[in-house]
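S.K.: Please build the complete structure, drawing on both the sequences and the hints.
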Amino acid sequence: MNFPEIVLSHLDNLWFQVSGTLCNIACAHCFNNSGPNVRAFGFLDADRVRSEIEYASRAGVKEIFFTGGEPFLHPELLDMLSFALEHAPTTVLTNGMLINDRLAERLAQIERSARYSLEVRVSLDGYTEEMNDAIRGRGVFRQTLAAIARLSRQGLLPLVTIVRTWSDDEELATLAAFADTLRAAGYERPRIKVLPSLPLGRELERKAGTPRDELLSGEMLEGFDRDLLMCSNSRIVTDRGIWVCPLLVLMPDARLGMDLAHARTSYRLAHNACVTCYRYGTICGNVSALIEGPGAQSDGSAVKQS
Amino acid sequence: MKRLALFGGIYNNCRALEAALADARRRNADDIYCLGDLGAFGPCPDRVYPLLREHGVQCIQGNYDNSLAGGLADCQCGYTDPRDNYFARISYSYTFKNTSEENKAWLRTLPATLRLEVEGRRVLLCHGSPRKMNEFLWESTSPDCFLEYLLDQSNADIVCATHTGIKWHRTLPRNRHFINVGVLGRPENDGRTNVWYTLLSLDRAEVEVEFIPVEYDFHALASDMELEGLPEEFIETIMTGWWTTCLEVLPHKERARGKY
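In the order they appear, the protein sequences are chains A and B.
To convert a position in the first sequence, counted from 1, into the working numbering, add 130.
To convert a position in the second sequence, counted from 1, into the working numbering, add 1139.
A couple of the hints might just be wrong.
[Claimed, not checked] Here are the simulated DSS-like cross-link-like pairs (lysine-lysine), alpha carbons at most 25 Å apart as the crow flies:
(1) B/LYS1243 to B/LYS1271
(2) B/LYS1141 to A/LYS323
(3) A/LYS323 to B/LYS1398
[Stated by the list, open to error] Simulated restraints on C-beta separations:
(4) A/ALA391 to B/GLU1371: 17 to 25 Å
(5) B/PRO1250 to A/SER139: 48 to 56 Å
(6) A/LEU345 to B/ASP1185: 43 to 51 Å
(7) B/ARG1164 to A/THR258: 57 to 65 Å
(8) A/HIS392 to B/SER1232: 45 to 53 Å
(9) B/GLY1209 to A/TRP296: 27 to 35 Å
(10) A/ARG313 to B/SER1362: 32 to 40 Å
(11) B/ARG1261 to A/ASP299: 35 to 43 Å
(12) A/PRO205 to B/TRP1381: 38 to 46 Å
(13) A/ALA391 to B/ALA1395: 33 to 41 Å
(14) B/ARG1228 to A/GLU216: 51 to 59 Å
(15) A/SER327 to B/TYR1399: 26 to 34 Å
(16) A/GLU206 to B/ALA1395: 46 to 54 Å
(17) B/ARG1254 to A/ALA391: 45 to 53 Å
Hints in this document: simulated from the structure, not taken from any laboratory.
Don't be surprised by glycine CBs; every beta carbon is placed ideally from N, CA and C.
M.R.: Encoded structure:
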């Protein structure tokens, strides 16, 4: 098949898989199969992180993201966040479970002293203990809510992400209930970001019915704004080299080089996950990059006002 | 010395526009520009256009103008939050319905960017960013290195944009500048009811950026909005200076400074 090829137009978003695939929990829908003792990818060396940030800064990077696994498992994460924030706005994606009072206070200090925004993005998967813990494991819901409340008490406004596991007509009620849950837990001004579920990793096994043959073709991208595709503006640094995007770290063909300077090559969109950016825009960013906005059709085309 | 008055989004707020025009004249602005988003949020869109024409304001297209001109279904702000979408749709449908065909046709003629050569400096006026009409450039998420990249790419010494609704200015090495000129359409989420525009004064030696607060009859605007049946949430913003909707695009620092 003739897969479309995407050129890196500019490195806007620099990602670090800072804790590799090591995580303190093993979610049923994890797209990169992270979990306790999963060492497919390992911790990133702090010096390596600093040198790639310096390279990206010279290249005009816009935002920096730390993900995993669970980033707070890395003993040098706070130093790396501080360093990153000297160069660009920085986001850390976490399940929150390791955030105790001391850590929440340190994060708030780092945020206050930084010129740029620090975003702490905390993942949850339901607005009830039952819904969430079925996916993320027993006790996770309570611990995560407690961490969100700790961050909130320190003056931080964590961005709480939730994967859409409900139908469109339940959307408003579900999100209102979710916001109420967060307020009741002590987060007075909840910020919520909804993510689509991804046909990758454990989620692919969990939902055996997910079509595996959804791929992008050249025709689909005709007239489509390629800036919406993460591979046109992002790269992720892992301990095993540079991958084209955070979603594809399990795909050997998505490894582009050893370091950022050698990972600027174009990429052929040969995976199911590539449809995600096409459908929903760059969901990994904090704000949707979906140019067509809410009126966009599932095929990505803009809709005309009638 | 050249003095440019730079207006950001007007959002149908003809009362603030009138006040800003009078202020700019009083300060002897040589030229007045508007960086797009003439419509949105406020009441009676068609009241804005005669003022712009009468005062010779040179306009570029914002995402709202682009949507209205092209008959698109939404404002292209890219909201994903259902509450934000709900209010964004009300605002857009209202503005679409109440903007005349003649004014939509005029919006179609506006350029996406304007390049000026002023006192030997290359000035680029755009709506969101030089590369994208609906890119949000907030102070806390626009690092120096990225702004320098944008200026290099666009061969400009000074880039002026709006779109986010909150003004800011950064001086970069080699006396280059990025300026978000603010907006006239609604207050900037700081609990104050005034709006802002930017006065850019240039001569061979210096670049001076001055943010000008504009007081206007916001009570009258609120009444107009009420008469037009616009949401209470929008009126609250005009009356209090706090944003109540479309908050999801705010980065952490800007969000934390607001009330909601």
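S.K.: Confirm or reject each hint.
M.R.: Each hint, compared with the structure:
| no. | hint | result |
| --- | --- | --- |
| 1 | B/LYS1243 to B/LYS1271 | holds, 21 Å |
| 2 | B/LYS1141 to A/LYS323 | violated, 45 Å |
| 3 | A/LYS323 to B/LYS1398 | holds, 19 Å |
| 4 | A/ALA391 to B/GLU1371: 17 to 25 Å | violated, 54 Å |
| 5 | B/PRO1250 to A/SER139: 48 to 56 Å | violated, 23 Å |
| 6 | A/LEU345 to B/ASP1185: 43 to 51 Å | holds, 48 Å |
| 7 | B/ARG1164 to A/THR258: 57 to 65 Å | holds, 60 Å |
| 8 | A/HIS392 to B/SER1232: 45 to 53 Å | holds, 50 Å |
| 9 | B/GLY1209 to A/TRP296: 27 to 35 Å | holds, 33 Å |
| 10 | A/ARG313 to B/SER1362: 32 to 40 Å | holds, 33 Å |
| 11 | B/ARG1261 to A/ASP299: 35 to 43 Å | violated, 52 Å |
| 12 | A/PRO205 to B/TRP1381: 38 to 46 Å | holds, 41 Å |
| 13 | A/ALA391 to B/ALA1395: 33 to 41 Å | holds, 36 Å |
| 14 | B/ARG1228 to A/GLU216: 51 to 59 Å | violated, 40 Å |
| 15 | A/SER327 to B/TYR1399: 26 to 34 Å | holds, 29 Å |
| 16 | A/GLU206 to B/ALA1395: 46 to 54 Å | violated, 26 Å |
| 17 | B/ARG1254 to A/ALA391: 45 to 53 Å | violated, 33 Å |
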